[in-house]
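Given the sequences, and given the hints that come with them, work out the whole structure.
One letter stands for each residue in the lines below.
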Amino acid sequence: LRQWSAAAPAAPGQAAAVAPVRERYEQRKGEALKALDEMVRRGLFSNEEVATVAAHLHKLAGTAAMFGEADLGDQARQLEDGIQRWTDGEREAKIRACAAAIKRAA
Amino acid sequence: MARIIIAEDDEIVTGIVSEALTKAGHIVGVAYNGADALWAIQAKEPDLVILDCNMPEMSGLLVLREMRNSSELYNTPVLVLTGRQGPRDVELAYNQGANDYMKKPFDPDELVFRVEELLAKTRSSKNRQG
Numbered sequence: 572l573r574q575w576s577a578a579a580p581a582a583p584g585q586a587a588a589v590a591p592v593r594e595r596y597e598q599r600k601g602e603a604l605k606a607l608d609e610m611v612r613r614g615l616f617s618n619e620e621v622a623t624v625a626a627h628l629h630k631l632a633g634t635a636a637m638f639g640e641a642d643l644g645d646q647a648r649q650l651e652d653g654i655q656r657w658t659d660g661e662r663e664a665k666i667r668a669c670a671a672a673i674k675r676a677a
Numbered sequence: 686m687a688r689i690i691i692a693e694d695d696e697i698v699t700g701i702v703s704e705a706l707t708k709a710g711h712i713v714g715v716a717y718n719g720a721d722a723l724w725a726i727q728a729k730e731p732d733l734v735i736l737d738c739n740m741p742e743m744s745g746l747l748v749l750r751e752m753r754n755s756s757e758l759y760n761t762p763v764l765v766l767t768g769r770q771g772p773r774d775v776e777l778a779y780n781q782g783a784n785d786y787m788k789k790p791f792d793p794d795e796l797v798f799r800v801e802e803l804l805a806k807t808r809s810s811k812n813r814q815g
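Protein sequences, first through last, are from chains U and W. This note's numbering numbers the first residue of the first sequence as 572 and each following residue consecutively. This note's numbering numbers the first residue of the second sequence as 686 and each following residue consecutively.
Careful: at least some of the hints might be erroneous.
Unchecked claim - Okay, the calculated beta carbon distance ranges per label pair:
no.	chain 1	residue 1	chain 2	residue 2	range
1	U	A664	W	S809	53 to 63 Å
2	U	P591	W	S744	23 to 33 Å
3	U	R675	W	N754	42 to 52 Å
It should be emphasised that the hints constitute simulated quantities derived from the structure, not laboratory data. Every residue gets a Cβ at the ideal spot worked out from N, C-alpha and C, and that includes glycine.
Structure, rendered in structure tokens:
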């Protein structure tokens, strides 16, 4: 904690304060979709690959709805949860199906 | 106006929470990992803490446990704000001493409302004791 911050001046400055958060969200969304797309394209679903993608999805699931993308957040959450539940035998097909749903929602 | 520490490693979430709370007239400090959060909470003794569960270095629930073991911070209200969705996670947070629990994603207006409620309850409790 470096410092306390109090309210910024109202009106014109406030829109500017929100913009970087939105930009950061768009960047995050792009990174998550890219990681997911790469995993599916390469067909590698090892625990390590899946854990990396799950970390991206966790953050996307927690924020997407706050930027008007609730469906994307729900789909990301479903995949994040499923990754932990699905057996090795069903994992690939389920991930591919969820990845397609996420791309549609995005 | 209250002094509130947000302990959260996701800069998007801290941005949204800070914006909402400063607009509501509060003063906000941010810590991006559990260890920094505990240090800041002990040093600054804020009026309220917002804690994420999954943070680097030290989890939010460990921070909470340390607070509840401290005579100075025992009564500081804590709102847990987390992506953990299961009923067991909620129960665990309350058992560790959380005063309120919100799941991500969240409505910033509702967060402010719940913060105000917690602050009011704490003030009322202090008045009764004083």
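Hints, one by one, checked against the model:
1. U:A664 x W:S809: 53 to 63 Å: 55 Å, holds
2. U:P591 x W:S744: 23 to 33 Å: 28 Å, holds
3. U:R675 x W:N754: 42 to 52 Å: Holds: the Cβ-Cβ distance is about 48 Å, inside 42 to 52 Å.
Of the numbered hints listed earlier, not one is contradicted by the structure.
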